[in-house]
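S.K.: Letter by letter, the chains look like this.
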Amino acid sequence: MYVAVKGGERAIAAAHGLLAEKRRGDTEVPELAVEQIDGQLSLAVDRVMSEGSLYDRRLAALAIKQARGDLIEAIFLLRAFRTTLPRFGASGPLDTGAMRVRRRISATYKDLPGGQVLGPTFDYTHRLLDFTLEAEGDVPPARTAPVSEGMMPRVADIIGGDDLIERNPPENPSRPIADLTREPIAFPADRDLRLQNLARGDEGFLLALGYSTQRGYGRTHPFVGEIRMGEVDVELFVEELGFAVPLGEITLTECQMVNQFAGSKTEPARFTRGYGLSFGHCERRAMSMSLVDRSLRADEFGEERKGPAQDEEFVLSHSDNVQATGFVEHLKLPHYVDFQAELALLRQMRQDLAQSTPAQEAAE
Amino acid sequence: MSTPLLQAEDLSRFYGGRIGCRDVSFSLDVGEVLAIVGESGSGKTTLLNLLSGRLAPDAGHVRYAMRDGTTRDLLTLTEAERRHLARTDWGFVHQDAREGLRMNVSAGGNIGERLMGIGDRHYGNIREAARGWLSRVEIDEGRLDDKPTAFSGGMRQRLQIARNLVTAPRLVFMDEPTGGLDVSVQARLLDLIRSLVADLGLAVVLVTHDLAVARLLSHRIMVMKAGEVIETGLTDRVLDDPQAPYTQLLVSSVLAA
Amino acid sequence: MTAPAYNFAYLDEQTKRMIRRAILKAIAVPGYQVPFASREMPMPYGWGTGGVQVTASILGQKDVLKVIDQGADDTTNAVSIRQFFEKTAGVETTTETLAATVIQTRHRIPETTLQGHQVLVYQVPIPEPLRFLEPRETETRKMHALAEYGLMHVKLYEDIARHGHIATTYAYPVLVAGRYVMDPSPTPKFDNPKMDDCAALQLFGAGREKRIYAIPPHTKVVSLDFEDHPFEVTRFDRPCALCGAQGSYLDEVVMDDRGARMFVCSDTDFCESRQENGHRGPLNQEAAE
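Protein chains in written order, with the numbering used here: chain Z, 1 to 364; chain U, 1 to 257; chain B, 1 to 289.
Calculated directly from the structure, the hints in this document are not laboratory data.
Everything numeric in this text was worked out from a predicted model, so none of it was measured.
There may be inaccurate statements among the hints.
Stated by the list, open to error - Distance condition first, Cα-Cα at most 25 Å in a straight line; then the derived BS3-like pairs of lysine-lysine:
no., chain 1, residue 1, chain 2, residue 2
1, B, Lys194, B, Lys155
2, B, Lys194, B, Lys142
3, B, Lys220, B, Lys142
4, Z, Lys306, B, Lys62
5, B, Lys155, U, Lys147
6, B, Lys25, B, Lys220
What the hints assert, rightly or not - Computed footprint of chain Z on chain B, listed as stretches where at least three residues anywhere in the stretch have a Cβ under 8 Å from a Cβ of chain Z:
no., segment
7, 41–51
8, 66–73
9, 175–185
10, 243–255
Claimed, not checked - Some residues of chain U that are not near chain B, with every Cβ distance over 12 Å (derived):
no., residue
11, Leu5
12, Gly60
13, Arg67
14, Glu113
15, Gly119
16, Leu144
17, Asp145
18, Gly153
19, Val185
20, Arg188
21, Asp240
All residues carry an ideal CB built from backbone N, CA and C; glycine is no exception.
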């Protein structure tokens with residue numbers, strides 16, 4: 001009698017072959033092009049770019065195709081690619097005030113300079129399945145209002161103009177901005193590190209945490225000051241040239257949450273801020289991020305930390321879905337050796353008990 | 001007269017513009033029980049935290065006569081020294097036993113933790129010590145392997161005391177040790193504390209709002225109001241012949257109740 | 001799109017230098033967990049990314065690599081990691097323990113005694129031995145800094161109080177060089193004695209948790225215990241069914257659905273080389289003749 005222990009290599013190769021076949025699906029149906037994913041599943045691409053921390057629509061679309069639509073798997077593919085890329089430098093701060101806005105809404109002011117711009121949103125659709133989409137057909141061109149040439153100031157800046165919201169801390173060029181992909185996270189973390197962590201964090205995790213703050217686990221009394229989505233320019237300051245060079249534009253979604261005020265006998269009361277930013281059009285994640293950002297600032301405002309969303313170690317250590325999925329799924333790997341050790345102990349304990357009690361059971 | 005065990009010198013602590021406590025000075029001898037009384041918000045818990053090194057003062061000093069005979073300023077202790085002191089020569093009894101116990105560890109493990117923390121590596125000896133302390137605080141030895149979650153409020157409090165006393169500390173801080181317990185349970189616990197303090201020669205800094213507890217346990221009383229000490233003296237003297245108008249009010253309100 | 005050309009052993013040289021600095025620090029402070037900027041690897045977190053980064057950083061052109069998982073060279077994850085290095089580094093690989101200069105392992109230490117020219121790289125899921133007693137990193141780091149390890153013994157005390165003996169069978173905590181309490185990764189406690197005074201350098205990599213730690217050659221490694229309840233090694237009351245070895249770690253193999261079992265060495269290289277040398281276990285007698 002002999003148990004075969006060889007065969008792992010062949011099994012793995014065969015599994016890869018099967019995976020490729022399943023990915024392609026029915027060969028009678030035309031293969032999905034990367035351009036189609038980019039153009040028609042664009043919100044999936046946006047999410048994969050955000051959590052993959054790499055702004056490249058084509059690669060994100062490719063990753064979605066390769067991952068058979070499993071977005072966390074696609075994010076993982078993009079991250080593993082990103083980590084091998086050389087770094088030339090860091091861009092200058094993006095100016096979302098100069099965004100070429102395609103959507104902009106505020107829940108705090110009915111009307112404001114630049115107006116409310118709905119843009120492409122699911123918000124006021126009725127969620128009824130549209131069976132006409134089963135057939136192919138062209139969509140008539142959408143009617144849009146002319147782009148306003150005037151100013152579209154950020155709501156937080158408008159409130160800030162009256163000194164009614166906390167001021168953003170001044171820029172400090174001598175202090176490097178944290179980068180968790182270069183240095184391991186150390187606690188307590190500063191806000192820059194927390195924001196980076198949240199910006200790459202799993203959308204579902206952020207959503208659940210943000211939701212929990214609204215249900216009382218660390219309330220922050222939020223108002224959506226503004227959500228804006230559109231294109232901003234990216235520039236890189238080149239030492240050798242002595243000036244900033246435009247690299248192109250990227251699409252961003254920014255959410256500025258206006259939260260409960262803080263103040264004291266000496267400090268006048270002001271609203272506080274929660275901030276969310278995302279690549280592409282990812283409104284849900286930008287909003288969730290801004291809720292969690294504000295909750296994590298509990299210590300700064302002397303608030304009692306009792307909800308999970310206020311617990312920095314808990315949030316930052318568990319937000320990354322590539323880490324989470326790896327560790328959860330590693331339970332699939334063989335654990336024969338440890339299981340054997342537990343099995344032996346369990347049997348011994350049962351044997352000890354059987355010997356110490358008068359009613360003996362037959363062993364084995 | 002020997003050196004005092006604990007000396008506070010002009011201790012102050014502020015919370016922003018608010019006074020936690022201000023200019024508190026006193027000394028405590030070996031085996032002496034001092035009660036700090038006052039209403040909630042009077043600064044007594046702040047003072048207790050300053051004395052026990054759990055909070056750093058904005059001004060002033062706390063000195064302690066260490067076991068090796070030297071007197072040290074708590075502020076100059078390293079964190080390692082302070083933590084060692086806190087789990088060997090000191091005890092801290094919380095009002096809520098859940099803060100002072102490991103609720104998921106057996107009674108024996110709770111009592112034995114300090115011994116293991118200072119390097120005791122003999123299971124049998126640790127267990128015997130735990131068993132001894134359990135009976136000393138009047139808990140049935142059969143409960144040695146039970147967790148505090150299965151204990152009543154009074155038993156938890158007695159277990160917390162045993163857990164603290166196992167390293168033979170010379171000073172124990174107590175924060176409302178009988179708060180939240182039924183009157184009959186309180187009486188039994190007070191009785192136990194009194195006999196342990198007497199038998200072991202413990203010095204105690206006791207924070208309480210209950211003057212009856214202070215009368216039963218303490219040698220001296222310090223009355224606090226709005227962060228400051230307004231009267232201090234021997235317990236019987238302060239309670240029977242209060243000088244400060246506020247103390248008179250406190251004492252009479254107890255009598256009226 | 002064509003595959004980009006990757007550096008030798010996948011990681012770029014700058015990353016390797018960063019990891020080697022962490023390794024050197026870990027060797028200088030045996031048992032201490034050194035934080036490092038773990039990179040995203042092309043395999044999932046929890047599947048050996050820490051071990052792979054350590055191996056990638058120390059691997060040279062002339063090294064001979066062996067990869068085992070559960071003691072076996074042919075378990076799927078071991079195969080996958082070995083193929084990764086064959087592809088990205090092109091180094092020679094082997095299944096023979098003594099022929100290897102670098103051995104990456106998950107959950108086992110080879111039965112064959114390791115030698116001074118070898119490095120054993122462990123894959124570590126949770127590097128913090130105090131984690132399940134104290135979930136906060138800020139607190140556990142303080143406990144290590146002050147060598148406050150009483151809580152670890154409380155856990156062992158509770159085991160004895162409940163079961164009559166220490167009921168930890170793997171990831172059994174050890175004290176390294178008399179200073180740091182360390183998690184040996186989820187190796188069975190059967191393997192703990194092999195870590196003590198080991199001639200080979202032992203490196204531990206935890207990718208997801210971003211920690212590296214080390215046991216330099218010939219370091220004292222003591223399994224925590226009580227004087228009156230000393231550490232005991234797991235013993236098997238039977239030899240390997242295939243090679244007849246006594247005192248090796250055995251895997252239980254289920255033979256049918258009626259409860260038949262056989263026990264064979266978990267270290268496949270050890271078992272096979274014994275069989276090649278003519279050793280036979282009780283279930284392998286006929287085949288020999």
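S.K.: Please settle this one: U/Leu5 was flagged as non-interface, so is its CB more than 12 Å from every CB on chain B?
M.R.: About 25 Å separates U/Leu5 from the closest Cβ of chain B, which puts it past 12 Å; holds.
S.K.: Are the Cα positions of B/Lys220 and B/Lys142 separated by 25 Å at most?
M.R.: At roughly 23 Å apart (the allowed maximum being 25 Å), B/Lys142 and B/Lys220 satisfy the hint.
S.K.: If I take the minimum Cβ distance from U/Gly60 to any residue of chain B, is it greater than 12 Å?
M.R.: holds (26 Å)
S.K.: Non-interface claim for U/Leu144: all C-beta distances to chain B beyond 12 Å?
M.R.: violated (8 Å)
S.K.: Establish whether the coverage given for the segment 243–255 of chain B by chain Z is satisfied; the threshold is a Cβ-Cβ distance below 8 Å, and no fewer than three residues must meet it.
M.R.: With 6 residues in contact (Cβ-Cβ under 8 Å with chain Z), the coverage given for the segment 243–255 of chain B holds.
S.K.: Decide, holds or violated, for the assertion that all CB atoms of chain B are farther than 12 Å from the CB of U/Arg188.
M.R.: Per Cβ check, U/Arg188 is outside 12 Å of chain B; nearest 27 Å; holds.
S.K.: Taking the shortest Cβ-to-Cβ distance between U/Gly153 and chain B, state whether it exceeds 12 Å.
M.R.: Holds: least Cβ distance 23 Å, greater than 12 Å.
S.K.: Could you let me know if the closest chain B CB is still more than 12 Å away from the CB of U/Asp240?
M.R.: At about 46 Å from chain B, U/Asp240 clears the 12 Å cut-off, so the statement holds.
S.K.: Verify this label for me: U/Val185 is non-interface relative to chain B, using a Cβ-Cβ cutoff of 12 Å.
M.R.: holds (27 Å)
S.K.: Closest CB-CB distance from U/Asp145 to chain B, is it above 12 Å?
M.R.: violated (5 Å)
S.K.: Taking 12 Å as the cut and beta carbons as the points, is U/Glu113 off the interface with chain B?
M.R.: With a cut-off of 12 Å, U/Glu113 comes too close to chain B, as the shortest Cβ separation is near 5 Å.
S.K.: With a cut-off of 25 Å on the C-alpha distance, tell me whether B/Lys194 and B/Lys155 pass.
M.R.: holds (24 Å)
Checked against the numbered hints above, the structure violates hints 2, 4, 9, 14, 15, 16 and 17; every other hint is satisfied.
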